[in-house]
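Visitor: Spelled out, the chains give:
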Amino acid sequence: DTAVSQTPKYLVTQMGNDKSIKCEQNLGHDTMYWYKQDSKKFLKIMFSYNNKELIINETVPNRFSPKSPDKAHLNLHINSLELGDSAVYFCASSHGPLGPRGDSDTQYFGPGTRLTVL
Amino acid sequence: AQSVTQLDSQVPVFEEAPVELRCNYSSSVSVYLFWYVQYPNQGLQLLLKYLSGSTLVKGINGFEAEFNKSQTSFHLRKPSVHISDTAEYFCAVSELNTGGFKTIFGAGTRLFVKA
Numbered sequence: 001d002t003a004v005s006q007t008p009k010y011l012v013t014q015m016g017n018d019k020s021i022k023c024e025q026n027l028g029h030d031t032m033y034w035y036k037q038d039s040k041k042f043l044k045i046m047f048s049y050n051n052k053e054l055i056i057n058e059t060v061p062n063r064f065s066p067k068s069p070d071k072a073h074l075n076l077h078i079n080s081l082e083l084g085d086s087a088v089y090f091c092a093s094s095h096g097p098l099g100p101r102g103d104s105d106t107q108y109f110g111p112g113t114r115l116t117v118l
Numbered sequence: 001a002q003s004v005t006q007l008d009s010q011v012p013v014f015e016e017a018p019v020e021l022r023c024n025y026s027s028s029v030s031v032y033l034f035w036y037v038q039y040p041n042q043g044l045q046l047l048l049k050y051l052s053g054s055t056l057v058k059g060i061n062g063f064e065a066e067f068n069k070s071q072t073s074f075h076l077r078k079p080s081v082h083i084s085d086t087a088e089y090f091c092a093v094s095e096l097n098t099g100g101f102k103t104i105f106g107a108g109t110r111l112f113v114k115a
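Chains A and B, in that order, are what the protein sequence lines are.
Residue numbering for the first sequence follows the working numbering, starting at 1 and increasing by one per position.
Residue numbering for the second sequence follows the working numbering, starting at 1 and increasing by one per position.
Keep in mind that the hints were calculated from the coordinates and are not lab data.
Heads up, a few of these hints could be off.
[Said to hold, decoys possible] Cβ-Cβ distance ranges computed for the label pairs, FRET-style:
| id | chain 1 | residue 1 | chain 2 | residue 2 | range |
| --- | --- | --- | --- | --- | --- |
| 1 | A | R114 | B | N61 | 19 to 29 Å |
| 2 | A | N62 | B | Q42 | 28 to 38 Å |
| 3 | B | N68 | A | S80 | 45 to 55 Å |
| 4 | B | P12 | A | K44 | 36 to 46 Å |
| 5 | B | G53 | A | K44 | 24 to 34 Å |
| 6 | B | Q10 | A | P61 | 25 to 35 Å |
| 7 | B | G62 | A | R63 | 21 to 31 Å |
| 8 | A | Q14 | B | E20 | 38 to 48 Å |
| 9 | B | S70 | A | Q14 | 27 to 37 Å |
| 10 | B | P18 | A | S65 | 45 to 55 Å |
| 11 | B | P18 | A | N57 | 19 to 29 Å |
| 12 | B | V29 | A | S80 | 15 to 25 Å |
[Unchecked claim] Stretch by stretch, here's where chain B covers chain A in the computed footprint (C-beta under 8 Å, at least three residues):
| id | stretch |
| --- | --- |
| 13 | 14-28 |
| 14 | 36-43 |
Given the structure is predicted, the values throughout are model-derived calculations rather than measurements.
Ideal Cβ placement from N, Cα and C applies to all residues, glycine included.
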């Protein structure tokens with residue numbers, strides 16, 4: 001039933017570790033996104049994929065590598081975690097430019113993954 | 001380049017009072033405008049959006065927003081708030097470019113409804 005799901009919901013890890021967050025959407029959308037929300041609630045786009053192709057990469061350190069095995073999944077792998085990576089990471093999806101008029105760019109968000117780096 | 005400014009970081013208000021959350025944007029092309037709400041420990045969900053047509057847009061939970069092109073504003077209003085409206089509210093601007101839609105979110109406004 002869930003539209004956009006993320007796993008895990010919470011992730012606590014040590015500095016220097018490598019971790020992955022998974023995202024899946026069952027809405028049939030073409031476009032998927034990763035956002036980072038900091039402790040002040042500021043929401044910043046990190047990546048956007050359309051039909052498995054990277055279309056937005058917003059000056060994110062190359063320790064962050066998104067992977068889209070198919071258009072329903074967009075995973076985020078983070079190498080060498082740093083304290084500053086602690087945040088809530090949200091996955092979202094939308095129909096994209098070829099979607100139905102009026103709904104092509106409405107984004108549907110997952111519940112978030114709270115990452116804490118110790 | 002597009003940008004979004006939410007003029008108030010926090011808005012405390014008493015239950016059943018009216019509220020207005022302010023949003024101004026800038027963009028060099030036509031844009032779509034959105035308000036999203038984030039309840040505690042949840043993801044964002046769409047409240048309402050403006051694409052074209054009537055400048056007054058009605059959304060869920062009794063919220064509405066008015067698009068004002070000359071003032072480049074898209075303020076969110078509700079005539080009478082409930083405790084359950086306590087949440088973070090994000091204004092967003094989306095424009096279509098060669099790579100697809102690019103959406104920029106404002107910094108958020110925390111609405112705190114007091115009994």
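Visitor: Are the hints correct? Go through all of them and say.
Guide: For each hint, the structure was consulted:
1. A:R114 with B:N61: 19 to 29 Å: Holds: the Cβ-Cβ distance is about 26 Å, inside 19 to 29 Å.
2. A:N62 with B:Q42: 28 to 38 Å: 31 Å Cβ-Cβ, so the 28 to 38 Å window holds.
3. B:N68 with A:S80: 45 to 55 Å: holds, 47 Å
4. B:P12 with A:K44: 36 to 46 Å: violated, 26 Å
5. B:G53 with A:K44: 24 to 34 Å: The hint (24 to 34 Å, Cβ to Cβ) holds, given that G53 (chain B) and K44 (chain A) are roughly 31 Å apart.
6. B:Q10 with A:P61: 25 to 35 Å: holds, 31 Å
7. B:G62 with A:R63: 21 to 31 Å: violated, 44 Å
8. A:Q14 with B:E20: 38 to 48 Å: At 45 Å between Cβs, range holds.
9. B:S70 with A:Q14: 27 to 37 Å: violated, 53 Å
10. B:P18 with A:S65: 45 to 55 Å: Since the Cβ atoms of P18 (chain B) and S65 (chain A) sit about 47 Å apart, the hinted range of 45 to 55 Å holds.
11. B:P18 with A:N57: 19 to 29 Å: Cβ of P18 (chain B) to Cβ of N57 (chain A): about 42 Å, so the range 19 to 29 Å is violated.
12. B:V29 with A:S80: 15 to 25 Å: violated, 39 Å
13. 14-28: violated (count 0)
14. 36-43: With 4 residues close enough to chain B, the hint holds.
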